[in-house]
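Trainee: Chain order of the listed sequences is Z and X.
Under this note's numbering, the letters of the first sequence match residues 1 to 306, in that order.
Under this note's numbering, the letters of the second sequence match residues 1001 to 1312, in that order.
Read the hints as simulated data drawn from the structure, not as lab findings.
Treat the hints with care, as some may be off.
To be verified - In silico contact screen, one side only, chain Z against chain X (beta carbon under 7 Å); selected entries:
#1 3
#2 7
#3 54
#4 58
#5 85
#6 89
#7 90
#8 97
#9 98
#10 300
#11 303
#12 304
#13 306
Every residue gets a Cβ at the ideal spot worked out from N, C-alpha and C, and that includes glycine.
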Amino acid sequence: MRAIFWKELGDHFGKRRFNLMLGLVLVGVVWAMFVDKEAMVTRGTGAFYLDLFTTTEGVPLSLLQFLSFFGPIIGITLGFDSINSERTQGTLSRILAQPVYRDSVYNGKFLAGLFTLTIVVFSLGIAAVGVAMFRYGLPPSGDEVLRLIGFGSITIAFLAFWLALAMTASIFLRNAVASALVSIGLWIGISFFIVFAATTIADRIVPDVEDFEDQSRHANVQLWVGRVSPERLYSEATGTLLDPIRGRFLSSFGVTEERLEGLLSSPVPASQSLLLVWPHIVVILAMIASLMSVSYVRFMREEIRS
Amino acid sequence: MSELLVEATGLVKAYGDFLAVDGLDLRLSEGEVYGFLGPNGSGKSTTILMMLGLTEPTAGAVKVVGHNPTREPLEVKRQVGYLPESVGFYSDMSGRSNLLYTADLNNMRLADAKVRIDELLGMVELADAMNQPVGQYSRGMRQRLGLADVLLKRPRVIILDDPTLGLDPTGIQWLLGIIEELSSNQGISVFLSSHQLHEVQQVCHRVGIMSHGKIVLEGTVAELTEQTASGGFGLVLEVLGGGDELMTTLTALPSVTACNRVGNEIVLQSGADVRAQATSAVIASGASLLGASSENRTLEEIYLRYFAGQES
């Protein structure tokens, strides 16, 4: 597995993909440069380094939105041709004729992808924070650092889900183009379609909304259906982690922004927010694990023809 | 008795209702070159995949270097080299780095691997091209790189799936030379599949001929020739004159099993070579011998007869 890991890692940092990753780190730098400093100081939560990732002042979309939108594409890029390209090249049967287990091939590739994602996400984050430090002239607090590390870890888990999804597609589909298209299709379906589906399902289950009780049930159904999507889990978890004031709530159901402002104006410590999002992390990891087991079942007993 | 390196008993592989391999028995001893012959689609590659654990047998058992390839794949793959039908390499990497990766997968130490790779690349005459990306290699060069890749781990058995496919005649001769030298000097057993009998028969100690998932003939090339010559040797004599007396004399020759006359042609079947006795008997009888031809079939003819209408 060691050999496969290093070979794949080398491939990820090879010519073309390396440029892509360098581009991503530059995004962090550029964002941190253009974020509106004044707006953050006057209207922000007071935690500059968290606001840096959520604010849309001065930039077209927040870094968090950027990550939740383009992150899946990065994960898919790293995985969609991992197994089937070996198959088309005829290298798979040669590799599997060497003394390595089949799961080592899969695991080596997955870990190399995961490691690459880790490097990219943390480089982006550190670059952004670094530039911001230069502009604000004050260091992030310990609480902020903790929250940022948590945020980074959830981001990596989120991207790893898409990596695992694309790798699964690359096992089931012999053609790299088909696998890329299916992965992207699933991404659109899971990320955007679920939102509409959640509303429809909630309308069916709770047809008449008359009092607050019904409204809360409706919202609850919608919320739980939506949580099928890792996208939803990711935005809930990051929203909680990156906002120390809202950080004591998971979702905004029944609690509007105005109510929040009136009710809670004191921030909670990072550990409390992390406790709240712990289930989200576990669920994303479980999703990754189930994708991997589907891949294993298929890949372990499959016939490998040259 | 030398050790059995490959032993298959009652091997079956079914794809749905179709039996690709149907109750195959196979043995490969140490130092032996076994030619596994058959037309395309007769189940040769499937058998090889089962020997390497790349697919699971439906029934029956196969043992390679004493291990079950499905249950203990690593033990098998440590000692067996496999050259797939169309061997693939990472085309953006050089020939040498492709081999270094294989060495790494085999847990070879880097220093040892480098020495071994240079030695092998010299042997397969790729020393000049070793730093070129494999994408620029010709078919023959890839095949030679494949051979180096197979030998890298110092295997006891090498399994070559149709290695002569797409090679030019010089390439084939070169490859056969290497196979001969590997088996006689280094004691490596070679399991060689091919659908071109005449190309490989010169190096094979034993051949097995596959048809519809079964071995229909097996033995040394000489044995097979005897086995299939429908009762031994055939001799056709063209004779002018000579009556029943000649026929009696010919039938009485040792080991003759059949003697028939149609017009001027006498067809003799015998268990041994009787050309000398038969022709002198014709002349002694006073008849004129116009011609004589041996009906001895080459293995190639046998092969073609088995696969008439099957081979594309």
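Trainee: Would you mind marking each hint as holding or not holding in the structure?
Mentor: How the hints compare with the structure:
Checking residue 3(Z) against chain X by beta carbon gives a least distance of about 4 Å; that is within 7 Å, so the hint holds. With a least beta-carbon distance of about 6 Å to chain X, the hint placing residue 7(Z) at the interface is held under the 7 Å criterion. Because the closest C-beta pair between residue 54(Z) and chain X is about 41 Å apart, greater than 7 Å, the hint is violated. Interface hint at residue 58(Z): violated, since its Cβ lies 42 Å from the closest Cβ of chain X, which is beyond the 7 Å cut-off.
For residue 85(Z), the suggested interface contact is broken, since its CB lies about 10 Å from the closest CB of chain X, more than 7 Å. Checking residue 89(Z) against chain X by beta carbon gives a least distance of about 4 Å; that is within 7 Å, so the hint holds. Checking residue 90(Z) against chain X by beta carbon gives a least distance of about 2 Å; that is within 7 Å, so the hint holds. The beta carbon of residue 97(Z) comes within 4 Å of a beta carbon in chain X, closer than 7 Å, and the hint placing it at the interface holds.
Taking 7 Å as the C-beta cut-off, the interface hint given for residue 98(Z) holds, the closest approach to chain X being about 4 Å. With a cut of 7 Å, the hint placing residue 300(Z) at the interface with chain X is violated, because the nearest CB-to-CB distance is about 10 Å. Taking 7 Å as the C-beta cut-off, the interface hint given for residue 303(Z) holds, the closest approach to chain X being about 4 Å. The beta carbon of residue 304(Z) comes within 4 Å of a beta carbon in chain X, closer than 7 Å, and the hint placing it at the interface holds.
For residue 306(Z), the interface hint holds, since its Cβ comes within 7 Å of a Cβ in chain X; the closest pair sits about 3 Å apart.
Violated hints, listed in ascending order, are 3, 4, 5 and 10; each of the other numbered hints is respected by the structure.
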